[in-house]
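Protein sequence lines, in the order shown, are assigned to chains A and E.
According to my numbering, the residues represented by the first sequence are 1 to 131, in order.
According to my numbering, the residues represented by the second sequence are 132 to 282, in order.
Read the hints as simulated data drawn from the structure, not as lab findings.
Keep in mind that the hints are not guaranteed to be accurate.
Said to hold, decoys possible - The following label-pair restraints were derived from C-beta to C-beta distances:
hint: 1; chain 1: E; residue 1: K244; chain 2: A; residue 2: F36; range: 45 to 53 Å
hint: 2; chain 1: E; residue 1: A205; chain 2: A; residue 2: A108; range: 33 to 41 Å
hint: 3; chain 1: E; residue 1: A203; chain 2: A; residue 2: E69; range: 42 to 50 Å
hint: 4; chain 1: E; residue 1: A203; chain 2: A; residue 2: A15; range: 37 to 45 Å
hint: 5; chain 1: A; residue 1: V89; chain 2: E; residue 2: P232; range: 42 to 50 Å
hint: 6; chain 1: A; residue 1: A15; chain 2: E; residue 2: L160; range: 34 to 42 Å
hint: 7; chain 1: E; residue 1: L243; chain 2: A; residue 2: R26; range: 37 to 45 Å
hint: 8; chain 1: A; residue 1: P13; chain 2: E; residue 2: R204; range: 29 to 37 Å
hint: 9; chain 1: E; residue 1: P232; chain 2: A; residue 2: D115; range: 18 to 26 Å
hint: 10; chain 1: A; residue 1: R84; chain 2: E; residue 2: R213; range: 35 to 43 Å
Quantities reported herein were computed from a predicted structural model and do not represent experimental measurements.
Note that beta-carbon positions come from the ideal geometry of N, C-alpha and C, so glycine has one too.
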Amino acid sequence: MSEVIASTGAQRPVAAWPYARFLDVRLEGGVAVLPFAERLIGNPILPALHGGAVASFLEMAALARLDAEGRRARTIDVTVDYLRPARPVTTYAEARILKLGRRAANLAVEAWQEDRNAPIAALRGHFLIIG
Amino acid sequence: MGDALRGDLAWRGTALSIAMGFETLADRLCAMRAPFRAELVGDPEGGALAGGVIFALLDQTCGMAISQALRARAEAEGREPRPGGMATLDFRLDHIRAPRPGASVTAEAECLKLTGDVAVVRGWAYEESAEDPIAAAQAAFMLTNVPLFSA
């Protein structure tokens, strides 16, 4: 615990964040991958992934996309549209940079499961460039 | 234990909120707390709970606010609460400032409007005082016939 809090200086990519490891988010090329796990469930009856897990995954995909540009960023705001139930299977996400400015960036992220053309959720967000 | 309290406790029952250690707060109408956990830290340099954790906490708390509003409406109309749950349509989260390193975060929510199909809610998150917020959320949920929890 103290090890994580005390670590300073070294810039760690999003994929190395403790919370990314908690969700088990992986990066495969330009695509972020969220393997299914029971603890991600939000609605046990359907069952469906928790909206907060999906949103966290989309936000990480956006921050990882900025990592790939060599930019370290902090989230200003995110809006997540939930398009379809997130079923208990692997989820994928790809982020697009709509605008990369000196101080802020605007990104759009889409998440899908089996069918790339049937997105389950979409995020739009602004990110403050801090490094 | 009253049905209302049991219903609120059920909000801890989703797997994600158990895994993250979310707690309901009995002293406020509709509040949940994310105790600080090192494994839920975002940028380790900042050492604070990740933005996604606050999103998940607020999403859960907003759902709880709708559940309470549905129950209150049913009581006012003298009938049983409608079966079924809710699904998030859209959810906007503004990060007002970074949470403090090592701090637990509390979220509160209120349901602004319930129609037959849609609920509009807002929520806010803070460490110590709602007067000093970390984040603000505004969301719309679709009311569904799918229950969230088994009876």
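For the hint 37 to 45 Å, verify it against the beta carbon of L243/E and that of R26/A. holds (38 Å)
Given the hint of 42 to 50 Å, is the C-beta distance from A203/E to E69/A inside that range or not? At roughly 48 Å between Cβ atoms, E69/A and A203/E fall inside 42 to 50 Å, so the hint holds.
Has the hinted range 18 to 26 Å been met by the Cβ atoms of P232/E and D115/A? Check failed, 41 Å falls outside 18 to 26 Å.
At the C-beta level, are P13/A and R204/E separated by a distance inside 29 to 37 Å? The hint (29 to 37 Å, Cβ to Cβ) is violated, given that P13/A and R204/E are roughly 47 Å apart.
So the hint says 35 to 43 Å: do the beta-carbon atoms of R84/A and R213/E match that? violated (23 Å)
Within 33 to 41 Å or not, the Cβ separation of A205/E and A108/A? holds (39 Å)
Is 34 to 42 Å right for how far apart the beta carbons of A15/A and L160/E are? holds (39 Å)
Cβ-Cβ distance between V89/A and P232/E: within 42 to 50 Å? violated (35 Å)
Does the beta carbon distance between A203/E and A15/A stay inside 37 to 45 Å, or does it fall outside? holds (44 Å)
CB of K244/E to CB of F36/A, is that within 45 to 53 Å? violated (34 Å)
Against the hints set out earlier in the document, violations occur for numbers 1, 5, 8, 9 and 10.
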